[in-house]
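In order, the protein sequences belong to chains A and B. FYI, in this note's numbering the residues of the first sequence are 101 to 405. FYI, in this note's numbering the residues of the second sequence are -17 to 273.
The reader is advised that the hints may include incorrect statements.
Stated by the list, open to error - Selected chain B positions facing chain A (Cβ under 10 Å, derived; list incomplete): (1) F(-5); (2) G39; (3) V59; (4) I62; (5) A63; (6) R70; (7) W71; (8) R87; (9) V198; (10) Q200.
To be verified - These stretches of chain B come out as covered by chain A in the derived footprint (C-beta under 8 Å, 3 or more residues): (11) 42 to 54; (12) 75 to 84.
The set of hints was computed from the structure by calculation and includes no laboratory data. Note that the coordinates shown come from a computational prediction; the quantities given were computed from them, not determined experimentally. For each residue, glycine too, the CB sits at the ideal point set by N, CA and C.
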Amino acid sequence: MNTQLNAVTESQIGPEAGTMAAIPGWRRIYWSVRRELWEYRSIYLAPLAVAGVAVTAFSISVILGIWEPPLRLNPERPVAPFDSAAALLMATCILVSVFYCLDALHGERRDRSILFWKSLPVSDLNVVLAKASIPLVILPLITFAVTVAMQWLMLLVGSAAVAVRGMSVSTLWAQLDPLRMWGLLLYHLLTAHALWPAPVYCWLLLVSGWARRTAFLWAALPVLAVAGVEGILFHSSHFIRVVLSHLVGLAQTAAMAGGRAFPTDAMTRITPGRYLATPGLWIGLMLAALFLAAAVRLRRSTGPI
Amino acid sequence: MTCIEAQGLRKTFGTTVALEGIHLRVEEGRIVGLIGPNGAGKTTALNAILGLTSYQGELKVLGRDPWRARDQLMRDVCFIADVAVLPRWMRVWQALDYLAGVHPRFDRAKAEGFLARTEIRKTHKVRELSKGMVTQLHLALVMAIDARLLVLDEPTLGLDILYRKQFYDSLLNDYFDRSRTILVTTHQVEEVEHVLTDLMFIRRGRIVLDCSMEEVEQRYVEVMVRPEQLAAALALKPIHQRQVLGGSILLFDQVDRQQLAPLGEVRTPGIADLFVAVMTREAGQAQGACR
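Please put together the full structure from these sequences, using the hints given.
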């Protein structure tokens, strides 16, 4: 980070101090993120559990013959369980993110451990960025990795079933087109689950650093209040729709075209240009940065509750 | 070298004044006890020194402004609050990994060496440890950090007597050397009495006594006076008087020992008695700053 500045202040303190202070910023971020994964194990356990359930359910459906491999009849059918399983994981990703953000800066104050964290040479900026990276970077990537692993297992089970019935495995693969499916999945997760809802997650983080209790209530009340005032004054509901579209990832409409409802559908074309040209994205990112800056300032002066 | 220097350090919460512009100076290599009743401003002073709270006035800790540079300061400063601050979900190996990851002065092998002397295993979670063991763990982590200032805020609160004694023993034997500074607040005055090199009393946001232990010995005298000599003793203006079986114990500030010897048994007061005497003195009387 600002190593030059540090070097100057170190040299004033003592000759041995400068050489000892060589822990690069990325390493502190790395350990701060690992620390979050230790504390909030649901970040990876929840997607893994959901994926396990999905694979099991799919295997049962294959064994019972509910998932029918006759691909010629209905080309949509082999894809359907893959999509629902992926959708399940995306919903899990949103759910885990929301609950993580509401607790991230609250839990450490509630159990007084903030006094321990603050006794270490890790800045508030570092801590808040590491916490924000969980919903904005880590969870989308974990969701991607788990989804790929899950669909890979489903593909193996499905291929086995197809082969047992003496049908063409390659037709199944050609229809599913896993590489394209996963490429689209990654694109969708980054555009709709990482960047687009950033203001919502950062708002939740800020509230969790501010509220003494019932962080969810404090996060939701202002939104409801604004929506209510808007409804009474103008008989409209723009605000609540904007907020909800930022949370549930309707960025898809901007980031993709064609295809049917599901983002990894084979007919989907990606439209990154249109996505990047959406003002809502940039306004949202600016708000997210503001909320994070406020959260950093707040953490500096708050102690245990 | 000066470790902590405060000039007119002031902190208010709304209309409540927690620190009324205190001046203090702690030299390197000292073990300073900051003693005061509840609500006297001890924790506020420590928080200011640790960069946990904003303040008015001048404050430099190891040459840095704690509020502006807490993260840099924490490379050279360690802090143990009471036992409840280690995160309860954390496993011992996670604490070791994390500290080794973020702290440039943490010596992992040293911490493992300290832990090997205890019942604590690396797979234990903090929530599985007893209060005393959590303190042992925290102390092991902190003693493995080559820091220049260690701040202890009621570190032995709620511990049984064995752990309390062990805590200060290992601190003195395994950690303290003349290049480090320790600042400790506690209500258990007796157990730090023989550890301290300097004594500070704080009352209602003011430092009312700031002495080295040698100065305390020179300056304060306690005399056990029999009833028949009480009037003569009171004439020498003791700062405190308490009744015991068979007489009174009077505490004098800057009165010649030779003058007091005929009145009864003369000795140096304990910190607890001195504390009571200084705290109960009327406001406005001469304050006990030695420097």
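Outcome of the hint check:
no.: 1; hint: F(-5); verdict: 12 Å, violated
no.: 2; hint: G39; verdict: 17 Å, violated
no.: 3; hint: V59; verdict: 8 Å, holds
no.: 4; hint: I62; verdict: 8 Å, holds
no.: 5; hint: A63; verdict: 5 Å, holds
no.: 6; hint: R70; verdict: 6 Å, holds
no.: 7; hint: W71; verdict: 5 Å, holds
no.: 8; hint: R87; verdict: 6 Å, holds
no.: 9; hint: V198; verdict: 30 Å, violated
no.: 10; hint: Q200; verdict: 34 Å, violated
no.: 11; hint: 42 to 54; verdict: holds (count 7)
no.: 12; hint: 75 to 84; verdict: holds (count 6)
When the structure is compared with the earlier hints, violations turn up for hints 1, 2, 9 and 10 and for no others.
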